[in-house]
Amino acid sequence: MDTGKLIRSCINRDEAAFRTLIDSYSDFAFSVAFRIMNDEEESNDIVQEAFITVWNKIGSFDTEKKFSNWLYRIIVNKCYDALRKRKRMQLVHPDANNWNIPELISESNPERKIDNKEIGKMIRLLTFKLSTKQKIVFIMSELEGLSHEDIAEITGMAKTIIKSNLNHARRKIGEMIKKYI
Amino acid sequence: MNNQEKYSKILEALKSNKPVLSDKEKLTDEIMRRIHGIEDKATLQKKLGSYLFGWADHSWIRGAMAAAAVLFIGIFITQQVIITNRINNLEKQLIRTVNTLNNHEPDLGIMHKVLLNMVARDRIKEDSITISTSDLEELLNSYLELQDNYEILKQTYGLEPYIQDMIRRSLEDNTNPDKSKLKL
Chain A
1 MDTGKLIRSC
11 INRDEAAFRT
21 LIDSYSDFAF
31 SVAFRIMNDE
41 EESNDIVQEA
51 FITVWNKIGS
61 FDTEKKFSNW
71 LYRIIVNKCY
81 DALRKRKRMQ
91 LVHPDANNWN
101 IPELISESNP
111 ERKIDNKEIG
121 KMIRLLTFKL
131 STKQKIVFIM
141 SELEGLSHED
151 IAEITGMAKT
161 IIKSNLNHAR
171 RKIGEMIKKY
181 I
Chain B
182 MNNQEKYSKI
192 LEALKSNKPV
202 LSDKEKLTDE
212 IMRRIHGIED
222 KATLQKKLGS
232 YLFGWADHSW
242 IRGAMAAAAV
252 LFIGIFITQQ
262 VIITNRINNL
272 EKQLIRTVNT
282 LNNHEPDLGI
292 MHKVLLNMVA
302 RDRIKEDSIT
312 ISTSDLEELL
322 NSYLELQDNY
332 EILKQTYGLE
342 PYIQDMIRRS
352 LEDNTNPDKS
362 KLKL
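Just so you know, the protein sequences line up as chains A and B, in that order. All the letters of the first sequence, read from the start, carry residue numbers 1 to 181 under the numbering used here. All the letters of the second sequence, read from the start, carry residue numbers 182 to 365 under the numbering used here.
You may find that some hints are simply not true.
To be verified - One side only, chain B facing chain A, incomplete, derived with CB under 10 Å: (1) Lys199; (2) Glu211; (3) Ile216; (4) Arg350.
Unchecked claim - Which residues of chain A face chain B? A few of them, derived with a C-beta cut under 8 Å, are: (5) Asp27; (6) Ser31; (7) Ile52.
Unchecked claim - Think about it this way: if two alpha-carbon atoms lie no more than 20 Å apart in a straight line, the pair counts; the simulated EDC-like pairs of lysine to aspartate or glutamate are: (8) A:Lys66 to A:Glu153; (9) B:Lys207 to A:Glu144; (10) A:Lys57 to A:Asp45; (11) B:Lys205 to A:Asp81; (12) A:Lys178 to B:Glu186; (13) B:Lys190 to A:Glu144; (14) A:Lys172 to A:Glu142; (15) B:Lys199 to A:Glu153; (16) A:Lys57 to B:Asp221; (17) A:Lys163 to A:Glu142; (18) B:Lys196 to A:Asp39; (19) A:Lys129 to A:Asp81.
Since the hints were derived computationally from the structure, they do not count as laboratory data. As the structure is a computational prediction, the values presented were derived from the model and not from experiment. All C-beta atoms, glycine included, are put in the ideal place defined by N, C-alpha and C.
With the hints as extra help, turn the sequences into a complete structure.
And the structure:
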């Protein structure tokens with residue numbers, strides 16, 4: 001069943017269709033949430049909350065628009081809230097860790113798969129000095145491969161702000177690579 | 182490897198290695214369970230609402246209640262109109278009494294006329310004091326009584342012609358609005 005039909009069925013409160021929708025988009029949703037949060041448990045919670053929001057608000061979804069962008073927006077908003085709460089918690093400084101990143105990107109073993117824990121560590125190190133906005137823009141643009149138009153639609157930011165945040169993010173990540181990798 | 186190469190390598194590694202959802206089935210079940218919880222709660226609220234206010238679903242009850250509400254509003258408005266009219270009538274009655282007395286110009290002497298003029302003038306002033314008909318009557322009666330006493334006194338003992346003349350002139354002066362005091 002294509003996404004449009006699934007969504008129409010979900011609007012009619014068809015739970016089986018919604019289960020299929022979750023199966024189709026949960027990997028994508030988890031990937032986005034994890035890249036932003038770098039924590040499996042928190043990402044799982046965000047994915048759950050995001051799909052519950054989808055179920056509750058699906059009636060207001062414009063079926064002419066891309067569902068993935070709408071889901072992105074819900075996930076990003078949930079991540080924003082979670083990161084804001086997390087700001088109050090003690091963060092581990094990069095100096096206090098042994099990162100082993102050169103080993104992960106070595107050319108000797110290009111086929112080596114990186115697990116969630118290592119992905120989380122790498123992103124955490126690279127984005128340590130970034131603000132929440134810069135981190136989200138960097139992940140959506142560089143890792144998710146979204147266009148600036150899509151990022152603007154999802155986050156509501158102007159394209160100039162997206163470009164500026166991305167430049168800042170690249171510069172700060174360059175500094176982190178120089179220092180730690 | 183320089184910084185740019187490292188940056189590209191890291192990005193490449195992160196892009197090609199997507200985070201993997203470990204237990205998809207469990208996550209889906211958990212979401213469905215929570216949705217059922219929400220639905221059940223919503224159903225319970227609906228049932229409670231239906232139990233408490235279900236009687237309002239009958240069209241004849243709704244119609245009767247609407248009619249009662251309209252009736253109450255109508256009664257309230259009528260009552261307000263009646264009360265306002267009665268207040269207006271009372272005010273008009275008082276003014277009419279004063280005006281009638283003033284226009285009648287009974288032969289009560291110059292002081293009586295001045296008093297009526299004062300009362301009639303005060304009505305139209307912003308800081309005027311409204312006096313009831315009974316109070317006005319009492320005041321006039323007192324004045325007439327006082328005047329009678331004065332006449333009796335005058336007849337009994339008589340007054341010197343120059344004193345009578347002075348009083349008469351003073352009373353006549355009092356009709357002039359520019360003069361506020363008696364010059365005895």
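Hint-by-hint comparison with the structure:
no.	hint	result
1	Lys199	5 Å, holds
2	Glu211	6 Å, holds
3	Ile216	5 Å, holds
4	Arg350	94 Å, violated
5	Asp27	5 Å, holds
6	Ser31	5 Å, holds
7	Ile52	6 Å, holds
8	A:Lys66 to A:Glu153	11 Å, holds
9	B:Lys207 to A:Glu144	25 Å, violated
10	A:Lys57 to A:Asp45	18 Å, holds
11	B:Lys205 to A:Asp81	24 Å, violated
12	A:Lys178 to B:Glu186	11 Å, holds
13	B:Lys190 to A:Glu144	16 Å, holds
14	A:Lys172 to A:Glu142	14 Å, holds
15	B:Lys199 to A:Glu153	23 Å, violated
16	A:Lys57 to B:Asp221	17 Å, holds
17	A:Lys163 to A:Glu142	12 Å, holds
18	B:Lys196 to A:Asp39	17 Å, holds
19	A:Lys129 to A:Asp81	19 Å, holds
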